[in-house]
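> Each chain, letter by letter, is given below.
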Amino acid sequence: MAAGLVRSGLAGCGQQVSRLLRRRFHRSAPAALQVTVRDALNQAMDEELERDEKVFLLGEEVAQYDGAYKVSRGLWKKYGDKRIIDTPISEMGFAGIAVGAAMAGLRPICEFMTFNFSMQAIDQVINSAAKTYYMSGGLQPVPIVFRGPNGASAGVAAQHSQCFAAWYGHCPGLKVVSPWSSEDSKGLMKSAVRDDNPVVVLENELMYGVPFEFPDEAQSKDFLIPIGKAKVEREGTHITLVSHSRPVGHCLEAAAILSKEGVECEVINLRTIRPMDIETIELSVMKTNHLVTVEGGWPQFGVGAEICARIMEGPAFNFLDAPAVRVTGADVPMPYAKILEENCIPQVKDIIFAAKKTLNI
Amino acid sequence: MRKMLAVVSRVLTGASQKPAGRVLLAARNFANDASFDIKKCDVHRLEDEPPTTAVLTREEGLKYYKIMQTVRRMELKADQLYKQKIIRGFCHLYDGQEACCVGLEAGINPTDHVITAYRAHGFTYTRGLPVREILAELTGRRGGCAKGKGGSMHMYAKNFYGGNGIVGAQVPLGAGIALACKYNEKDEICLTLYGDGAANQGQIFETYNMAALWKLPCIFICENNRYGMGTSVERAAASTDYYKRGDFIPGIRVDGMDVLCVREATKFAAAYCRSGKGPMLMELQTYRYHGHSMSDPGVSYRTREEIQEVRSKSDPIMLLKDRMVNNNLASIEELKEIDVEVRKEIEDAAQFATADPEPPLEELGNHIYCREPPFEVRGANQWIKYKSVS
Numbered sequence: 001m002a003a004g005l006v007r008s009g010l011a012g013c014g015q016q017v018s019r020l021l022r023r024r025f026h027r028s029a030p031a032a033l034q035v036t037v038r039d040a041l042n043q044a045m046d047e048e049l050e051r052d053e054k055v056f057l058l059g060e061e062v063a064q065y066d067g068a069y070k071v072s073r074g075l076w077k078k079y080g081d082k083r084i085i086d087t088p089i090s091e092m093g094f095a096g097i098a099v100g101a102a103m104a105g106l107r108p109i110c111e112f113m114t115f116n117f118s119m120q121a122i123d124q125v126i127n128s129a130a131k132t133y134y135m136s137g138g139l140q141p142v143p144i145v146f147r148g149p150n151g152a153s154a155g156v157a158a159q160h161s162q163c164f165a166a167w168y169g170h171c172p173g174l175k176v177v178s179p180w181s182s183e184d185s186k187g188l189m190k191s192a193v194r195d196d197n198p199v200v201v202l203e204n205e206l207m208y209g210v211p212f213e214f215p216d217e218a219q220s221k222d223f224l225i226p227i228g229k230a231k232v233e234r235e236g237t238h239i240t241l242v243s244h245s246r247p248v249g250h251c252l253e254a255a256a257i258l259s260k261e262g263v264e265c266e267v268i269n270l271r272t273i274r275p276m277d278i279e280t281i282e283l284s285v286m287k288t289n290h291l292v293t294v295e296g297g298w299p300q301f302g303v304g305a306e307i308c309a310r311i312m313e314g315p316a317f318n319f320l321d322a323p324a325v326r327v328t329g330a331d332v333p334m335p336y337a338k339i340l341e342e343n344c345i346p347q348v349k350d351i352i353f354a355a356k357k358t359l360n361i
Numbered sequence: 001m002r003k004m005l006a007v008v009s010r011v012l013t014g015a016s017q018k019p020a021g022r023v024l025l026a027a028r029n030f031a032n033d034a035s036f037d038i039k040k041c042d043v044h045r046l047e048d049e050p051p052t053t054a055v056l057t058r059e060e061g062l063k064y065y066k067i068m069q070t071v072r073r074m075e076l077k078a079d080q081l082y083k084q085k086i087i088r089g090f091c092h093l094y095d096g097q098e099a100c101c102v103g104l105e106a107g108i109n110p111t112d113h114v115i116t117a118y119r120a121h122g123f124t125y126t127r128g129l130p131v132r133e134i135l136a137e138l139t140g141r142r143g144g145c146a147k148g149k150g151g152s153m154h155m156y157a158k159n160f161y162g163g164n165g166i167v168g169a170q171v172p173l174g175a176g177i178a179l180a181c182k183y184n185e186k187d188e189i190c191l192t193l194y195g196d197g198a199a200n201q202g203q204i205f206e207t208y209n210m211a212a213l214w215k216l217p218c219i220f221i222c223e224n225n226r227y228g229m230g231t232s233v234e235r236a237a238a239s240t241d242y243y244k245r246g247d248f249i250p251g252i253r254v255d256g257m258d259v260l261c262v263r264e265a266t267k268f269a270a271a272y273c274r275s276g277k278g279p280m281l282m283e284l285q286t287y288r289y290h291g292h293s294m295s296d297p298g299v300s301y302r303t304r305e306e307i308q309e310v311r312s313k314s315d316p317i318m319l320l321k322d323r324m325v326n327n328n329l330a331s332i333e334e335l336k337e338i339d340v341e342v343r344k345e346i347e348d349a350a351q352f353a354t355a356d357p358e359p360p361l362e363e364l365g366n367h368i369y370c371r372e373p374p375f376e377v378r379g380a381n382q383w384i385k386y387k388s389v390s
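Protein chains in written order, with the UniProt record's numbering: chain Y, 1 to 361; chain A, 1 to 390.
Do not rely on the hints blindly, as some may be mistaken.
Mimicking DSS-like on lysine-lysine, the simulated pairs with C-alpha atoms at most 27 Å apart in a straight line are [stated by the list, open to error]:
{"hint": "1", "chain 1": "Y", "residue 1": "LYS54", "chain 2": "A", "residue 2": "LYS186"}
{"hint": "2", "chain 1": "Y", "residue 1": "LYS77", "chain 2": "A", "residue 2": "LYS215"}
{"hint": "3", "chain 1": "Y", "residue 1": "LYS70", "chain 2": "Y", "residue 2": "LYS82"}
{"hint": "4", "chain 1": "A", "residue 1": "LYS63", "chain 2": "A", "residue 2": "LYS149"}
{"hint": "5", "chain 1": "A", "residue 1": "LYS40", "chain 2": "Y", "residue 2": "LYS82"}
{"hint": "6", "chain 1": "Y", "residue 1": "LYS54", "chain 2": "Y", "residue 2": "LYS82"}
{"hint": "7", "chain 1": "A", "residue 1": "LYS63", "chain 2": "Y", "residue 2": "LYS131"}
{"hint": "8", "chain 1": "Y", "residue 1": "LYS231", "chain 2": "A", "residue 2": "LYS387"}
{"hint": "9", "chain 1": "A", "residue 1": "LYS344", "chain 2": "Y", "residue 2": "LYS82"}
{"hint": "10", "chain 1": "Y", "residue 1": "LYS229", "chain 2": "A", "residue 2": "LYS385"}
{"hint": "11", "chain 1": "A", "residue 1": "LYS158", "chain 2": "A", "residue 2": "LYS83"}
{"hint": "12", "chain 1": "Y", "residue 1": "LYS82", "chain 2": "A", "residue 2": "LYS186"}
{"hint": "13", "chain 1": "A", "residue 1": "LYS40", "chain 2": "A", "residue 2": "LYS66"}
{"hint": "14", "chain 1": "A", "residue 1": "LYS66", "chain 2": "A", "residue 2": "LYS277"}
Since the hints were made in silico from the structure, they are not lab data.
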């Protein structure tokens, strides 16, 4: 029918055509469901709280305040004091309490208002949670989730902007995930809660309000994303960009811009920091021969450094046509002034520059 | 009378395998139980207090004696093995403090929970693990309770959460276990132990606050053995009334060298916690004969005279023994027999712990994650890989 319309010419038929086309769109695919990262995390926790009585949430302001960033909105109203617990400002104390509860068989979700405050409790995360299954020779599991916003926000300055991916990613016994999209957030959070091991979920405050298309399968109550598997967000042939959390979005923007110049980037969303899915990166590098890693954290001893080291050790090294390159946060404590702060986090232009340098264009 | 003479003569001719005492005992009458005065506990924010008398049955007495003696001999054996370099690293011995772990266990149920710090061998035993598994863990062998992967400070059993190496970290953990008890509505409590040194850790005060706020069924127990490593309590704490340091939490100060005193105080505190009133604090005044650990001779910060004085006047095993013998609950010979049994058990366990092989190298990668399909773990270089199973 459309073909006939085209043959009869556009003159005089314009309005009819557009009316027909509009009607066609109404009858075909409905508008895709848009869900923000915040709502995805909320859904994940709500579903897991409903599914298993042993799951509970504790942290500062998680209950009556609905969460400092509203991630736990509505949960206290639905589940009450027993399952959603407001704690005093005592990170070391309540993190330890959460770990003890996990040792005794409950499944706590322990929120740090930001991961900067987890430093006060880091001994409980590492020495009491991460190492215990090993030290006990497999007798004492610790099924706990530590979650909260990680890394830079906007204008919160040095003490509130650190990225902990490298520090937590360093430690055997922990699992560390870093969701980017809503789908990531829901699937990884649910997997984290169901996992019998200590899992650190590094969220991102600036992503909380960002809506993403939510695929059908993500709307299921049993939607899980496996921990330890990266996702290729965009296929490409010329260069591999690997990232986690918010910078994944910047990589996709850079890829769109580079595409117009004829450079096709393959963008990989790590999703999990530990255990890292190096195979997906290797397969990609063996195809594109070029690698750029992108992260928000500091350069030294970081996620990118680990990826580069492992690439050198594996089969992909021989496929590199240029040294692997890292794009990271600037090697300084985060300054406050906007212009300084902007230049301390990897921007799209920094990614493009690094990609072109690597490709020698 | 005729029968008795016959029995005696059989014994004296050596026909019987049993030692003389055992057969003669059959004819002797012991008391079933006896009542003892125990030291009054100082209390903080409490109207009631634990009783000042305790009844000890013969059966209980023999049991406590055997357990305390086992802990004592086990620790002394560990000392020996350490000096022979068969045990390495950290080894914090509990001899002198036996009345604490035995009295506490006597005051609770096996379904209750216990967590302590690194001076943990006594509790590991009273919570149910056999001596051979404890010693084999100390010697780092595959038959150790943690397969040789934990060592002295990381021994776990049912309802016993170690063995914790970071001073004070076990206290919030214990409150968390108590939270789980309350959450599960099972009428269980958690004993959360720490030392006089740890009592000054900030996280303990954070824990007091939350335990009291949420009325967690947790008994905080400060084993005050007067020294945090080499620092005496007077040099470490602005207030050495550890039973009062919980401030808004009621507390009792207990003679930790008297197993009956510890037991009665524990029963009192356990009843309080089980009734839903919230946490309680117990300070056990006790003493360790060894230094802080095997690398500390223990005499640079205290005098040999002090140690000797405690040994001769307050030794917990001696105190129990005297009570039992003087009140016709047991005979000296009977207790000596128990000593012999205990010695044998420890010897056998030490044999095992010395002869058992070390864990296989493959064990290195295991137990990183729980309930996880097998994966590979990196060794000292990229070519060395270990399989990791849960």
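> Compare the structure with each hint and give your call.
Here is how each hint holds up against the structure:
no. : hint                  : in the structure
1   : LYS54/Y <-> LYS186/A  : 14 Å, holds
2   : LYS77/Y <-> LYS215/A  : 22 Å, holds
3   : LYS70/Y <-> LYS82/Y   : 19 Å, holds
4   : LYS63/A <-> LYS149/A  : 32 Å, violated
5   : LYS40/A <-> LYS82/Y   : 39 Å, violated
6   : LYS54/Y <-> LYS82/Y   : 11 Å, holds
7   : LYS63/A <-> LYS131/Y  : 36 Å, violated
8   : LYS231/Y <-> LYS387/A : 25 Å, holds
9   : LYS344/A <-> LYS82/Y  : 51 Å, violated
10  : LYS229/Y <-> LYS385/A : 20 Å, holds
11  : LYS158/A <-> LYS83/A  : 31 Å, violated
12  : LYS82/Y <-> LYS186/A  : 15 Å, holds
13  : LYS40/A <-> LYS66/A   : 26 Å, holds
14  : LYS66/A <-> LYS277/A  : 35 Å, violated
Of the hints listed earlier, those the structure fails to meet are numbers 4, 5, 7, 9, 11 and 14, in rising order.
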